[in-house]
Amino acid sequence: MPLSAVEILLLRLPEPVVFRIFHACDLLSLLAISRTSKMLRGLYAVYRQAVWDPDDHYKRWFHDVDYFKSLLRKCGAVVSGSFALQFFGRFFYPSSDMDIFLRVAGADDLCYWLCDEGYSYEDSSSDYGGLDGSSSLHFSKAVLNKSSFHDPLLGVYAFQKSRKHHNGREEVLRVQIVVVDTEPIHHVLFDFHSIAAVINFLTADEGFSVFPWSTFVERISYVCKIRRESADRVLAWTKKYEDRGFSVRGTDFSPGPTLVRGCRFVGDRHTWRMSFKEPVVPQEGYYGPQDTRVRFEVLLAEIGEMEEGSCVRIAEPYIWRSVASPPLFVNAYLT
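full-length UniProt numbering puts the first residue of the sequence shown at 1, with every later residue one more than the last.
These are computed hints drawn from the structure, not numbers from a lab.
Please note that the accuracy of each hint is not assured.
[Stated by the list, open to error] The calculated DSSO-like cross-link candidates involving lysine-lysine, where the alpha carbons are at most 30 Å apart (straight line), are: (1) K74 - K277; (2) K161 - K59; (3) K74 - K59; (4) K161 - K240; (5) K59 - K164; (6) K277 - K59; (7) K38 - K161.
Turn these sequences into a full structure, and let the hints guide you.
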């Protein structure tokens, strides 16, 4: 079959121009283009490999990208927050930070390596003390026998450095190391940032967007906070994501059928999953192989166990559903 006029035009255009055209398309349009013909599918494959290559994104932040990814594996860390949102959505928020979530083991490794990369530790901005090796506050908090519901963060360490571009423009890069009291993926799912649009994360070898349809097609962010927050804080993150083009939906909104309810797991058919290049040398981290296949439930406000202002609950399997509807043997025992 002869090439169409559009295919001939795209083949004659320089690659940067083709990429710019594809970049102006939403995700559904890109998928439709890729299914039109073998030639367009090939062009899309080249674009996909370029735009969703995490190494290209990390190069803005770090000189030694390979070592950074090896640290992610070693620490069982994930990159989440605005960085992951920009990665999947092909957005660019110039003033946003990079947030790295990890457990206690390896936190110092990553912090000291950032200093080697030219970052400066912002000691005055931290409520968690300084970086003092085994005497760092995240170590002492990790061994306390207490509930983590009200205080799931063991440490938050902020770093920054200035980067000058070839054209003379200077930007300030900020990285936050967030030490959590559970597996980082669990923290992102069950305890993260109040809204579903940012439940995206990158490991060293894969990327996951848990609610891609709501986030990147409908541009809806469902409120799913699990604890009470001040009005000023809620207003701040609501405005932040509304300014980025998201519609933030809370208690008074009933999600449509495109939001899949019930039991799910990270990496299921409703997840947008990307596999990156395999490491040259397999490496096992402090906590063993990283388990990304985490199960969870998507529950709506009618279960009755929802923080005020939320319309969705991202919960561990069966727990909150059981609270809302006690199992039969419990009812029989109580009656």
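So, going through the hints one by one against the coordinates:
no.	hint	verdict
1	K74 - K277	17 Å, holds
2	K161 - K59	14 Å, holds
3	K74 - K59	20 Å, holds
4	K161 - K240	24 Å, holds
5	K59 - K164	14 Å, holds
6	K277 - K59	16 Å, holds
7	K38 - K161	45 Å, violated
Going down the numbered hints, you'll see the structure goes against just number 7.
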